[in-house]
Amino acid sequence: MLRRVLVLLVSLVIVLLAAAPLAIPGYGQIAINAGLICVFHWAVFRADAFPAASAFLLGMCHDAIVGAPLGLNAMILLVVYGLTESQEAFLRARTYIGQWLCFAVVAAVAASIMWVAMMAIRWTLIDPLPAVFHLVVTVGAYPPVSWFLSQLQARLVPSHA
Amino acid sequence: MERVRVGINDALEPVMETLAQPIRSLSRGVQGVEGFFDVYSKNKGLREANQRLEQWQNRALTLAAENESLRRLTNFKPAAPGGAVSLRVVSDSTGVFVQSVLAGVGRNAGLSKGDAVVDVSGLVGRVIETGRRSARILLITDINSKIPVVVQRTRVPAILAGNNGATLTLEFLPDGAEVEPGDRVVTSGHGDVFPPDIQVGEVVAKRGDELLVRPSADLGRLDYVRVLTVPRVDLGTGHPAEGAQPARGPQKK
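Residue numbers (numbering that gives the first Met the number 0), protein chains in the order written: chain L, 0 to 160; chain G, 0 to 252.
Honestly, I wouldn't trust all of these hints.
[Claimed, not checked] Label-pair distances were calculated between CB atoms; the ranges are:
1. 128/L / 156/G: 42 to 52 Å
2. 27/G / 128/L: 28 to 38 Å
3. 143/L / 173/G: 32 to 42 Å
[Said to hold, decoys possible] Derived DMTMM-like pairs: lysine to aspartate or glutamate, alpha-carbon spacing no greater than 25 Å straight-line:
4. 145/G / 1/G
5. 112/G / 9/G
6. 145/G / 126/L
7. 205/G / 126/L
8. 205/G / 217/G
9. 145/G / 182/G
Calculated directly from the structure, the hints in this document are not laboratory data.
Glycine included, each C-beta is placed from N, C-alpha and C at the ideal position.
Chain G extracted, bound-state conformation (with noise of 0.2 Å):
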């Protein structure tokens, strides 16, 4: 039935990615009509994210210089490097029991299966079918996906799971676990889902038992996203995972 799917998918890729052209630049024009109306308030608050963006950098660089120094110390082995390739969404299908959407990009770039997809500000998904054109990627916000993160402040383990909501929610935290609205989310690389510390989202309140958490990407608006293609290894034999394509380089569609 997969295959089914991924060939009718790779059929109408091509249609999708032309029609879809003219509605990508009506809501671009829309989007710079309603850019022009607040440019004055926009610059203002990029003076000032920049001027925390500086300070940020200082404390990024001493960190890193500390970082590299402890690696050495310890004689840290880091994981293999993976590629990336940037692909453009054709398909919107984030609707009320599915959140997805459809890449024209698949088998033919490097695309696999489990690979992670990002875009600017965090974690969007995983891609969930390719075929030789086209790749399904499942957001993070569908009630399927269930993401091992950890809170970045305390380095709590957690599972991330979607409702086919705007928020996620946290659960399997450990008793005790202290977890607070403003705590950044990001991924564990626990269990080789994904690779660690990728932004994924930030608390931003509390319902009861359960922590709410804010994507970091913005899933609404989706255009450029990059696929990560990390190697993925199998935990057993410790060789590399069946189906995994090997990493390739920066690429762009």
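Bound conformation, chain L alone (with noise of 0.2 Å):
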């Protein structure tokens, strides 16, 4: 319990990092997704000290915190941890490029939810190039952001055979 608790607390730091004020002009439009990186990394990694309802819980976070609907992240979330901890053996299998690179599939489908259901929500269209740069920076984020989270996991939840 108290390990579920740590690695949660350690994903919502990152988040709160990630939407800190930085004093870039347009910074905002290449923020990086640092929510969709964790779960990806904990489901990936070690589904058992992340479960589902961390990444509810730290979805519902990221909505209160960036002003999104409350639910829309969480629901991603879950969607994305799902998909990944479908997979968890497949993933493990490849190559880090590998896992790069499904992580920037996962990472696709989740904008293109999040695209979609913003649409539904304002009711009017959203132009598609700002969330596909989001995408791509996310993306490229990636390697650094789950070498951290490999360093923490390596200290705070040792992983088991």
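Build the complex from these two chains, which are given one at a time in their own frames, with help from the hints.
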């Protein structure tokens, strides 16, 4: 239980850091979706320490922080968690580049769901280009963030065989 | 659902405030280094701006005196003065689909829903959610933002709409309205949405039938902002609007 709380708190801190004001014009357009990277990483490597409820809570906090409709990111992260956790063995057997590519696919699915959902909620067409750019930046940020999560994982919740 | 979101924001606000401190320091350090390299050109620009501002100051003093005498002549009764609260942005949520920021001050400092938010340059947005310790500010660039404005030169009314981009569009202009690039746009005060005559932006381009407006406020570098806690009146009854906090004097947090 303590491990699960610790992993959730660590992921929450990363999400909060990604939302911190950096005073860079246009930063919001390129800010990474840290929650997505966290959920993918934990679902692949330590799903026992990061259950679906943690993904849901992380998504709810993310929605509250960024002002998105409450539950939207929570639902998307649950979908990502479900997709990833169901393919845990397949993903663990891949090389790092393979895992990165799979993350790109999952992130694209998540971005599409978000885009369609926001258009439905706002009842207006939204230019997809900023969402595509945001997706590219998030996929590009996967290596450093997942490396950081791996370091934390080794120290806080070491892998079992 | 709003209470849940506000509750989460109130609970996370101290953590976000703490995490934002080192990032702000780093950001200021980087800006300091950047500023070092263009100090000469900035100095030159500031001298020129100062000269222009001195001319405008003289003009403003003349107009203020003229305004005062006209108010006395017409027995004009101004609206009740409001207060202001200075606060700091703790979370930058300007993203692809939502353009808002979270402030580390809420109802405990007198903020209420609908309060206008400004920075030193112009209108930033309005308060859309208030918790006890936090408040969400919808930026004027958000797609949900629609502001009643007038073009300062011609007093032509319009609606300024956000589109989640860097510029806003002027909509619902009257037919034949004369609006040119360079015209300034200010709040009209219509509908008691915002106090009147707050600088919003400047018309920068005409794209077909669309007029694009660049915001005056530096929305990409929000740090300290001011919330104008102007008492609002229910237009139907003439009594203070429901949920509006009483006006308080200037405060700072």
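Comparing the hints with the structure gives:
no.: 1; hint: 128/L / 156/G: 42 to 52 Å; verdict: violated, 32 Å
no.: 2; hint: 27/G / 128/L: 28 to 38 Å; verdict: holds, 32 Å
no.: 3; hint: 143/L / 173/G: 32 to 42 Å; verdict: violated, 53 Å
no.: 4; hint: 145/G / 1/G; verdict: holds, 21 Å
no.: 5; hint: 112/G / 9/G; verdict: holds, 16 Å
no.: 6; hint: 145/G / 126/L; verdict: holds, 19 Å
no.: 7; hint: 205/G / 126/L; verdict: holds, 20 Å
no.: 8; hint: 205/G / 217/G; verdict: holds, 22 Å
no.: 9; hint: 145/G / 182/G; verdict: holds, 19 Å
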